Amino acid sequence: MAAYWHAQGAETFEIRQLADLERGMDLLALPGGESTVQGKLLKDLGMFMPLKERIDGGLPVFAVCAGLILLAEKIDDPGSRTDTRPEQWFGALPVTVRRNAYGRQLGSFRTVGMFDGKPNVPMTFIRAPAITEVAPQVEVLSTFDGAPTAVRWRNVTAFTWHPELN
Amino acid sequence: MNEEQPDRQELNRNLAQMLKGGVIMDVTTPEQAKIAEAAGACAVMALERIPADIRAAGGVSRMSDPAMIKGIQAAVSIPVMAKCRIGHIAEARILEAIEIDYIDESEVLSPADDTRHIDKTKFSVPFVCGARDLGEALRRIGEGATMIRTKGEPGTGDVVQAVRHMRKMQSEIRRVVSLREDELYEAAKELAAPLDLVKFVHDNGKLPVVNFAAGGVATPADAALMMELGAEGVFVGSGIFKSGDPAKRATAIVQAVTNWQDAKLLAKLSENLGPAMVGINAEEIETIMEERGK
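As they're listed, the protein sequences go chains C and Z. Numbering follows this note's numbering, with no gaps: position 128 of the first sequence is 128. Numbering follows this note's numbering, with no gaps: position 9 of the second sequence is 9.
Please keep in mind that the hints were generated in silico from the structure rather than gathered at the bench. All values reported here derive from a predicted model rather than from experimental measurement. Beta carbons are placed, not taken as given, at the ideal position from N, Cα and C, and that holds for glycine. Fair warning: there could be bad hints in the mix.
[Claimed, not checked] If you want the footprint, here are the derived chain C segments under chain Z, 3+ residues with CB under 8 Å:
{"hint": "1", "segment": "27-37"}
{"hint": "2", "segment": "49-55"}
{"hint": "3", "segment": "121-128"}
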């Protein structure tokens with residue numbers, strides 16, 4: 001993720017603890033990984049509320065895969081057990097997501113498609129979530145099999161695939 | 001078997017990238033898997049017996065029962081890994097058939113082939129393999145491994161071997177970086193590793209895949225030590241569920257890996273964790289697992 005932003009001429013730093021939030025930022029990038037891990041660490045290390053305030057306050061956010069799950073208003077995993085399924089994390093994006101919607105790692109895939117009006121954009125899905133519902137005011141930037149895979153709403157741009165991997 | 005191999009290799013390396021900075025925990029039951037997930041594990045390794053018990057039980061140790069692995073897959077949303085024996089193509093195919101997220105071709109189990117590893121390029125599912133040095137790591141990557149870990153000496157709770165392997169690998173990487181380009185042919189010969197991979201290490205100063213530490217990690221400090229030495233994440237085997245308070249220790253190790261440079265936090269994380277696994281001295285054991293598969 002850092003390399004992706006460096007390539008666009010941005011400087012980056014990692015947020016690993018509360019003190020890191022004292023540094024100024026123009027954009028918050030929520031990377032891929034496991035949403036359960038990230039959500040827990042954000043809360044354990046006291047970063048969740050300060051970050052939520054900034055996201056709600058309009059800080060631009062660029063979220064990928066697990067980052068999208070952290071932002072979604074609703075997490076809907078029909079197969080998963082309620083005791084391990086979070087209701088929501090930041091809840092800042094009016095969409096519903098389903099985790100691991102394409103199955104396990106054997107379901108990971110790469111394709112090309114139209115993104116934000118640009119054709120032939122490579123899209124890498126790694127144990128990706130799916131967006132199953134979007135509020136009417138959310139702008140859909142890309143789709144796969146008819147379902148939205150990237151969306152924009154207010155200060156948030158979020159992807160089920162990994163733009164930083166291509 | 002797999003028509004889109006180049007893509008598959010890349011997708012499998014990508015998944016390992018997503019695990020970076022995380023902790024992968026050995027679990028033997030769905031309950032343990034849920035504790036691990038709740039504590040912040042980025043993946044779990046499903047196995048019937050953790051290495052310490054494999055060591056204690058002796059005998060031939062094999063792939064776990066697929067029913068047991070499926071139980072763990074159903075219990076958590078994070079990736080689930082499982083081990084097959086070194087060179088055991090059929091066990092690997094079975095694990096692929098149940099859609100495991102990552103196969104560990106592991107020296108912790110009894111090797112099925114004492115000279116050859118699995119040709120992992122023939123599989124769609126990703127593989128992680130152990131390595132004690134750079135040559136071994138690059139040989140495994142050449143065979144298709146998309147993630148590397150140190151071998152350590154599993155099931156001992158003694159971190160000394162993982163330290164030795166990680167230090168050796170990192171210092172060999174630094175040496176390869178320092179070579180002139182026309183010296184890489186000889187280096188590839190010495191390392192007994194594919195030339196293109198040696199060139200990659202020379203140009204990039206790192207392995208072409210993610211490199212984790214494994215073997216003997218039992219405390220937050222052990223995990224922080226491995227990160228200091230260049231690991232990109234940590235496997236914790238027997239260390240968690242052989243300890244007094246697994247949930248607390250697991251949480252502490254996850255935070256230690258995230259903030260391994262913050263000694264004040266490490267001090268706090270190390271407080272009141274209850275007894276660590278007792279462990280055995282790596283020098284006092286009879287079965288040397290790291291010698292399996294080179």
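Here is how each hint holds up against the structure:
1. 27-37: holds (count 5)
2. 49-55: Three-residue rule not met by the segment 49-55 of chain C, so violated; n is 0.
3. 121-128: Since 3 is at least three, the answer is holds.
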